[in-house]
Amino acid sequence: MSEFRMPSLGADMEAGTLVEWTKAPGDTVARGDIVAVVDTDKGAIEIEVFEPGTIERLLVEPGQKVPVGTALAIIRGANETPGAAAPAAVGAPAAPVRTRVSPAARKAAEQLHVDLAGVVGQGPGGAITVADVERAAAAGPPAPKTSTRAAGMRAAIGAAMARSKREIPHLYLSTTVDVTQPLAWLGLANQARPVTERLLPIVLFLKAVANAAVEVPAVNGTWNENGFVPGAGVHIGCAIALRDGGLVAPALHDVDKKSLGEAGRDLMDLVSRARAGSLRSSEMTDATITLTNLGDLGVDAAYAVIYPPQVAIVAIGRVVERPWVVAGRVEPRSVVTLSLSADHRAVDGRQAGAFLAAVERALQAPEAL
Amino acid sequence: MANGPTRRITYRDAMREAIREALTRDPRVFLMGEDVGRYGGAYAVSKGLLAEFGPERIRDTPLSESTFVGAGIGAALGGSRPIVEVMTVNFSLLALDQIVNTAATIRHMSGGQFSVPVVIRMATGAGRQLAAQHAHSLEGWLAHVPGLRIVEPATIEDARGMLWTALQDPDPVLIFEHQTLYNLEGDLPADAGPVDIDRAVVRRHGGDVTVITYGAMLYKSLAAAATLAADGVECEVIDLRTLRPLDMNTIFESVRRTRRVAIVDEGWRSGGLSAEIAARLAESAFYDLDAPIARVCSAEVPIPYPKHLEDAAVPQAAAIVDAVRALLPAPAPR
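For the protein sequence lines, the chains are A and B, in the order given. Per the numbering used here, residue 1 is the first one in the first sequence, and the count goes up by one each step. Per the numbering used here, residue 1001 is the first one in the second sequence, and the count goes up by one each step.
Keep in mind that the hints were calculated from the coordinates and are not lab data. In this text the structure is predicted, and so the values were computed from the model without any measurement. Backbone N, C-alpha and C define an ideal beta-carbon position, used for all residues, glycine too. You may find that some hints are simply not true.
Computed spacing ranges between beta-carbons, pair by pair [claimed, not checked]: (1) B:ALA1229 to A:LEU112: 22 to 32 angstroms; (2) B:GLU1300 to A:ILE34: 32 to 42 angstroms; (3) B:ALA1229 to A:GLY245: 34 to 44 angstroms; (4) A:ARG166 to B:GLU1253: 37 to 47 angstroms.
Only part of the chain B face toward chain A is listed, based on derived beta-carbon distances under 7 angstroms [as the list claims (entries may be wrong)]: (5) PHE1286; (6) TYR1287; (7) ASP1288; (8) LEU1289; (9) ASP1290; (10) ARG1325; (11) ALA1326; (12) PRO1329.
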């Protein structure tokens, strides 16, 4: 038996609301299957399971908001018999887990006009106590219950970015790259493709960043209390602006192993699902490096803030025509400024520079991407 | 506690002084029980009183609890103010019919015409390796009975002062003296007098958790509170003193401030006094609670003879510390 728990879908997530179960007790699940949908500040996320087995029991009902780490369901492993005694780690709770609120905390919440749904309990067993309510009240008139998702997301992004700037010693490098040739190549390549499969310039950058991350693995991974943890693959977090404001950066998995066509198709899928609010839990959690493109907003260059616990983020400015010296002559060329923000605990300047150089080199050989 | 002059005295001697004072002040008062005269009492409380007051007022009785408790009730009905000593609470069960069916009911059954102003003293509790038939804490059983008042002096001052107050009560009063307290030594104010037996007292002030206890458990609770204070947890320790009627106001007042309660009771948990207090808190102070009510009680076994097992059976300070800690938020991870 194992517990299927509310995952943390980002550095800033404390709790999520179970929207629906897509599996029922008795259903067999394989690794990667979606078992539930959870609503977070980032939108509705489809939650995948990591261990194969059979759903033994659902512990949380749709509509309940539970802290990260709360057991949501019990999954019976392939070789276990139904109803076998749960392992010690599972503990007793067979009944649905509901947020525990002490009677005094309920009274205090009423008096202080605190919405308990937004309070994280620190009492025994995670119960919300008066102290938690008072802390929530002291934190100022919190996001009122009527607050929009955008406000919640703003707060979540704020928390993650504040943590990043507080904890991560950023180093910044930038380089301006002549992309005339790669864009010309892309134009030709797209002529041979059906309209629906045409590649956007961003796909070239995605692949170039992925290949460079393979070459300089120090930028690809996460930083925890024990130090740098190399990424299990190259999963590029793609910063995607949402239509109603806000931003998510779900992971595009194994970009280094994908063809340009696959990467382009998968990116489109990711963008449309991000905007539809149906991202998957793995996409929310396992990015190893992030790419953000601010070029379409008209900025020449951007220096981004790392999304913890990742150690690097690449920002792309806009592609502009500039007088550029090529082989001793000034020519009009399309250039773009790429920047790397890196966690100086994990990456030194030399590695950072090598990485940007590798991105540039990869861009210059688009046919090899 | 006292500001004026004090003197060192044991709980046993304080109790004896209380009896002596009662005998001196009121000619209607006499003491009777097994071995209270020539032997001086099973716990030496009445040592010397026979010589001082004579056999009319210090009466040895046969080994028959039902008989001498019944005689005490009769004497009270007849106008005396008897102090009846029962060796331990275990033996009082032999007189339960007299206590519950007679002493406690006569006022009611006589339509208020008769009252029974008897005081029954008995030893209670474990800690002296006296084993199962001499060491139980059955106060809770007797506190179940309407018509009785149950008091349990935990301090020297209460041992000295409660008896006289009890003798003023027109109804039966049972005084429980914990066996391990007789040798307790402390400072008694020179002017110590009668003690209120209506109200519980706060023996230690604190704002984090209310610890409700009585008798010898007061000292283990205070020791636990001192340990917890070193970690910044302030316990308010309430000494019930009177187990029937319970002074719930003092408890409610404290719980409304601390919002957390641990009840420490040497009695058994099931159907015990701690259960009664917990139920009343749930009835009347539910919305003031910030954590479930905790109880630290004796193991549900007959009290064992071997020291290590006896210690294991009754609540110890460490168990109280653990119970209180469980009521508090987990310390922040470092």
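List, from low to high, the hint numbers that the structure doesn't satisfy.
2, 3 and 10
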